[in-house]
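K.L.:
Sequence:
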Amino acid sequence: MILLLALVILATSWGALYPRNTYLQHGPTAVLLLAAIPVLRRWPLSDAAVGCIFVFFLLHSIGARYSYSFVPYDDWARAIFAHDISGSFGFTRNHYDRLVHLCFGLLAIRPVREIASRHFGMSPRAALYVAPAFVLTCSALYEIIEWLVAVIMSPADAEAYNGQQGDMFDGQKDMALAALGTILATLWSRRSARQQA
1 MILLLALVIL
11 ATSWGALYPR
21 NTYLQHGPTA
31 VLLLAAIPVL
41 RRWPLSDAAV
51 GCIFVFFLLH
61 SIGARYSYSF
71 VPYDDWARAI
81 FAHDISGSFG
91 FTRNHYDRLV
101 HLCFGLLAIR
111 PVREIASRHF
121 GMSPRAALYV
131 APAFVLTCSA
141 LYEIIEWLVA
151 VIMSPADAEA
161 YNGQQGDMFD
171 GQKDMALAAL
181 GTILATLWSR
191 RSARQQA
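Under the UniProt record's numbering, the first residue of the sequence shown is numbered 1, with each subsequent residue one higher.
Don't read these hints as lab results, they were simulated from the structure.
Every value quoted in this text rests on a predicted model; they were computed, and no experiment measured them.
Among these hints, one or two may not hold up.
Stated by the list, open to error - Pairs of lysine to aspartate or glutamate, EDC-like flavour, derived with a Cα cap of 20 Å: (1) K173 with E146; (2) K173 with E143; (3) K173 with E159.
Unchecked claim - For each label pair, taking beta carbons as the anchor points, the in silico distance ranges come out as: (4) R42 with T137: 16 to 24 Å; (5) L10 with I183: 29 to 37 Å; (6) T137 with S192: 37 to 45 Å; (7) R20 with D47: 16 to 24 Å; (8) V149 with T92: 19 to 27 Å; (9) F70 with L3: 38 to 46 Å; (10) L141 with I183: 17 to 25 Å; (11) A48 with L180: 15 to 23 Å.
Idealized CB from N, CA, C, for every residue including glycine.
Use the sequences and the hints to build the structure in full.
P.N.:
Structure representation (structure tokens):
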């Protein structure tokens, strides 16, 4: 999986529209992939949890290629369905970044919950409470880091990197969508646990 994700990062970096932003987005991803090698050896995860991680990094890599704000999902939708998403929903901005924040909440719960219960000795019930707290903390820290990076950049570069697209509450909305994803994934996990019991 790590090799495949490394290839995805290389493929999405090649010929990127905004290379500086792409490399800025992929820098932390590359560090996480390198860290994943010893982490997954020490704390192995189920195929489903690894799949969640893979899907999230795939979505992120697509966003990084297009600097998030310019992911051409409307072009893709027109090519497949002969209709665009923004027109259907009345969007005036590119919402790909919001999709990825929602998916972070949805997809991060399972791996974090597994690590907490399998490898840190938490009961499944305790892990079900710790995982959302951890995921939401990561979401908030990411927004703070994104803001700090933007503070040291020129205003034009900061806007391109942050992808706020004129929305002064972009960070808050991103965290809210990660929280929604976390809530949905946690409720699904609880429901699945009850059905298995």
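K.L.:
Any hints this thing doesn't respect? Which numbers, in order?
P.N.:
The structure breaks hints 6, 7, 9; every other hint is satisfied.
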